[in-house]
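**Student:** Spelled out, the chains give:
There are 2 protein chains.
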Amino acid sequence: MRSVSIIGIGCTKFGEHWEKSFRQLIAEAGIEAILSAGVEGKDIEALYGGSMASGRFIGQEHIGALIADQLGLNPIAATRVENACASGGTALRSGYMAIKSGEYDVVAVGGVEKMTDVGVEQAAIALGGAGDQETELFHGASFPALYALMARAHMTEFGTTEEQMAMCSVQAHKNGMLNPKSQFHREITVEDVMRSSYIASPLKLLDCSPITDGAAAVILCETEKAKKICEQPIEIIASTQASDTLALASRKSLTEMAATKKAALDAYKQAGIEAKDIDVVELHDCFSIANILAIEGLEFFKKGKGGKAVEEGKTALNSEIPVNPSGGLKCGHPVGATGIKQAVEITEQLMGKANKRQVKDAKIGMAHNVGGSGATAIVHILRKA
Amino acid sequence: MRSVSIIGIGCTKFGEHWEKSFRQLIAEAGIEAILSAGVEGKDIEALYGGSMASGRFIGQEHIGALIADQLGLNPIAATRVENACASGGTALRSGYMAIKSGEYDVVAVGGVEKMTDVGVEQAAIALGGAGDQETELFHGASFPALYALMARAHMTEFGTTEEQMAMCSVQAHKNGMLNPKSQFHREITVEDVMRSSYIASPLKLLDCSPITDGAAAVILCETEKAKKICEQPIEIIASTQASDTLALASRKSLTEMAATKKAALDAYKQAGIEAKDIDVVELHDCFSIANILAIEGLEFFKKGKGGKAVEEGKTALNSEIPVNPSGGLKCGHPVGATGIKQAVEITEQLMGKANKRQVKDAKIGMAHNVGGSGATAIVHILRKA
Chain A
2 MRSVSIIGIG CTKFGEHWEK SFRQLIAEAG IEAILSAGVE GKDIEALYGG
52 SMASGRFIGQ EHIGALIADQ LGLNPIAATR VENACASGGT ALRSGYMAIK
102 SGEYDVVAVG GVEKMTDVGV EQAAIALGGA GDQETELFHG ASFPALYALM
152 ARAHMTEFGT TEEQMAMCSV QAHKNGMLNP KSQFHREITV EDVMRSSYIA
202 SPLKLLDCSP ITDGAAAVIL CETEKAKKIC EQPIEIIAST QASDTLALAS
252 RKSLTEMAAT KKAALDAYKQ AGIEAKDIDV VELHDCFSIA NILAIEGLEF
302 FKKGKGGKAV EEGKTALNSE IPVNPSGGLK CGHPVGATGI KQAVEITEQL
352 MGKANKRQVK DAKIGMAHNV GGSGATAIVH ILRKA
Chain B
2 MRSVSIIGIG CTKFGEHWEK SFRQLIAEAG IEAILSAGVE GKDIEALYGG
52 SMASGRFIGQ EHIGALIADQ LGLNPIAATR VENACASGGT ALRSGYMAIK
102 SGEYDVVAVG GVEKMTDVGV EQAAIALGGA GDQETELFHG ASFPALYALM
152 ARAHMTEFGT TEEQMAMCSV QAHKNGMLNP KSQFHREITV EDVMRSSYIA
202 SPLKLLDCSP ITDGAAAVIL CETEKAKKIC EQPIEIIAST QASDTLALAS
252 RKSLTEMAAT KKAALDAYKQ AGIEAKDIDV VELHDCFSIA NILAIEGLEF
302 FKKGKGGKAV EEGKTALNSE IPVNPSGGLK CGHPVGATGI KQAVEITEQL
352 MGKANKRQVK DAKIGMAHNV GGSGATAIVH ILRKA
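As they're listed, the protein sequences go chains A and B.
The opening residue of the first sequence carries number 2 in my numbering; numbering runs sequentially from there.
The opening residue of the second sequence carries number 2 in my numbering; numbering runs sequentially from there.
No lab work stands behind these hints: they were computed from the structure.
No incorrect hints appear here.
Because identical chains share one entry, a pair is satisfied inside a single copy or across any pair of copies.
With a Cα cut of at most 16 Å, we get these calculated EDC-like pairs of lysine to aspartate or glutamate:
1. K270 - E104
2. K277 - E300
3. K303 - E321
4. K385 - E232
5. K21 - E135
6. K309 - E163
7. K385 - D362
8. K361 - E321
9. K385 - E225
10. K361 - D280
Owing to the predicted nature of the structure, the values given are computational and were not obtained by experimental measurement.
All chains, please: the whole structure from these sequences, using the hints.
**Tutor:** See the structure below:
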């Protein structure tokens, strides 16, 4: 069976890019990834691009062809994949399978979103297309509202507190301070979060990830070949994906992300490891409650114990399980780019190149990307090849 | 190397479905495909759905998860792919590679578009997202305008006539009469086409494919397994994809589709055959000139000779190369579904189940799907396994 490794990475600064377009952002990340891989454009045989709602955000579909064109990679096969906020993770998994299939040896995968060119209301409507348009968004259930329902259920069922959720954001901003590409470089306190405006009770402004422009890219290579052209290839030792109902109302439970759970269990099995073997994780914290749901669903902590674990500092840098050293989605969430940016961060961590936010002796890392309110989950586990 | 075959097919009627929604259409096609494959939902391990602009047409992204949900297939991996009008072909190729990779044995692939829920102007803008939004659509270059430029160049360079283009539409409608799922059941004459309103000169209304609602699905299976569960598996003996510049203005030639040419040559090589070995083809005739460009690009006729070949009836049913027995895109083009519907038609032809439009002794068939004005091309060659 062929194995797949990451040999190059690139990522733009996350933020409000008023002077850079969608195509400039993905070109910047893509070129950085190609240069860092030590390959040339002509070595790349196919391309996958993740973008959630480019049609709504910039009036442009056909993103795969656009990226190939921008990077001068024609006539290679170029494809856009879309699984809402898990579009980046999907691009990574698509590239992984394309190499495993034997069709290609070297594949570029990228993710990009330019979200600030439309107003906040239009952005919220576009993002609402990740849930069930007919039974949720049409009736006013925006994404903060859906996650607020999950937060309220978690509070009721397990006694999770608004302060514990606030601590997720505090920790994210603390890590973001150490990441030059973070959208925010400002420490916040639990009081700051508690005093911020309610968006959808119990979630407040500082419980939510922001609207962000940004792009990220990685170069994948068949592992035997990777070892010949790269000093430190990072091998993908598990790639898994699962789905759940699109609408929250159809779920058996509001306090468990079934797709995350299944993708995680499948990934541990595929890699032949357990949750405790993961040294660092980038997980999908689009809202503070999503952080808690993820650390439980990924089995780092028992169901219902996530809030307490965050409160006790067990997810801080160089603690029991370092969560989101990059600052996570809380410090920038250009939806289509997020899943790739997670892989970029884990790759840097395993290469020992994460500078001030380096997790000591990180040998095995995980990236966890969620689409919508949990209808898609994608997990990758990485290790030095 | 693992081989992949089609074991089940499904397709809705193409047309204006005022009483059926996006999700009802894909469920109808999906269930028909599963039933015809003789498998059960639980046998399906992953799903790829092609849809071009669901965000713009129905306010819904995250189409992979939606389809899995509608068909009761959770928690399988479900992914949307988008390559403009080649989204269906991309879904087929994605499913093909997923099985080749060894990750799955049985994969469902579908395509769907619900285009009539927005007005014609909004639909034209959404479709314009398949080209270069910044340098084309923004300045008013709609899709008929882009293909009109290609038509005018072909007329100037090779003497192709408006009447020859009209004959493409006449032939399409003639075939469509034999297909119960065609959007149109009305024979037209060259005079009808010539008298229809100009949309973008030299293209007239009857040179253009319509706005259509519809869905199609196929079930893919690893070939050895397919032979055990299906009487007549249809093997995919080539699957290829290529890209070209997004904008027409960046191309070297307006009279040759470079991506089609490359995908076709790669496909013939992969299958170990030549153009003359193809018994029946479903090709991407979004406009009459696209038909002529395709029969030249796929090497059925020499460059510049396509118009003459159509005029001489060489692309009619049971002639030199039977083109679009289904009626093609001219008889219905729900963009995301088109690439899958082409595979459905070729599968029926090779199974000998195409009834009145059956091509005699069809042994090898081709499906050719184009995205935008040619920035993506995908070719599949099928044969009885």
